[in-house]
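Student: Sequence:
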Amino acid sequence: MILNDTDSPVPCFTIIAGFDSNINRLETIQTRIPLYPTYEISEMIRKLDIELAVITEPDRNIEKITERLIEGGIKGIINFTPDILTSPAESVYVRNMDIITEFRFIAALITLNDR
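Residue numbers for the sequence shown follow the working numbering, so the first one is 18 and each next one is one higher.
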């Protein structure tokens with residue numbers, strides 16, 4: 018779980034907050050990173066001076082979450098969900114990285130090699 022990686026493998030980045038739309042999950046997840054409901058994204062981005070967001074879980078409200086990120090002043094989004102995001106603001110960089118597709122690609126290479 019990315020929220021448990023407080024000793025960042027990349028020294029210039031620090032994970033300082035996590036967000037989830039499921040309030041029950043927020044109450045049960047144990048991590049050293051502070052967790053907030055997604056409706057607080059804009060406020061917390063401004064308050065904590067967050068520049069980069071990572072979206073790791075598909076959400077049926079991904080467009081709303083993206084809007085909140087931009088409203089808060091986010092400068093970059095790394096999207097690990099299957100949903101393709103485009104940057105609705107020129108000042109926000111978006112990188113889509115579908116991890117499921119990458120798993121399928123590597124699995125196909127393994128299968129080809131085993132033949």
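What the hints contain is simulated information worked out from the structure, not anything from laboratory work. Nothing here was measured: the structure is a model prediction, and the numbers come from that model. A hint or two may mislead.
Unchecked claim - So the derived label-pair ranges between C-beta atoms look like this:
hint, residue 1, residue 2, range
1, 30, 100, 17 to 25 Å
2, 104, 40, 23 to 31 Å
3, 129, 54, 22 to 30 Å
4, 126, 79, 25 to 33 Å
5, 128, 84, 39 to 47 Å
6, 42, 84, 20 to 28 Å
7, 131, 74, 15 to 23 Å
Stated by the list, open to error - Straight-line Cα separation of at most 20 Å, EDC-like style, residue types lysine to aspartate or glutamate; simulated pairs:
hint, residue 1, residue 2
8, 92, 131
9, 92, 119
10, 92, 57
11, 81, 60
12, 92, 68
13, 92, 60
14, 81, 131
Glycine residues also receive a C-beta, built at the ideal position from the N, C-alpha and C atoms.
Student: A separate judgement is required for each hint: does it hold in the structure or not?
Tutor: For each hint, the structure was consulted:
{"no.": "1", "hint": "30 with 100: 17 to 25 Å", "in the structure": "holds, 23 Å"}
{"no.": "2", "hint": "104 with 40: 23 to 31 Å", "in the structure": "holds, 29 Å"}
{"no.": "3", "hint": "129 with 54: 22 to 30 Å", "in the structure": "violated, 45 Å"}
{"no.": "4", "hint": "126 with 79: 25 to 33 Å", "in the structure": "holds, 29 Å"}
{"no.": "5", "hint": "128 with 84: 39 to 47 Å", "in the structure": "holds, 40 Å"}
{"no.": "6", "hint": "42 with 84: 20 to 28 Å", "in the structure": "holds, 22 Å"}
{"no.": "7", "hint": "131 with 74: 15 to 23 Å", "in the structure": "violated, 32 Å"}
{"no.": "8", "hint": "92 with 131", "in the structure": "violated, 44 Å"}
{"no.": "9", "hint": "92 with 119", "in the structure": "violated, 25 Å"}
{"no.": "10", "hint": "92 with 57", "in the structure": "holds, 17 Å"}
{"no.": "11", "hint": "81 with 60", "in the structure": "holds, 14 Å"}
{"no.": "12", "hint": "92 with 68", "in the structure": "holds, 5 Å"}
{"no.": "13", "hint": "92 with 60", "in the structure": "holds, 15 Å"}
{"no.": "14", "hint": "81 with 131", "in the structure": "violated, 44 Å"}
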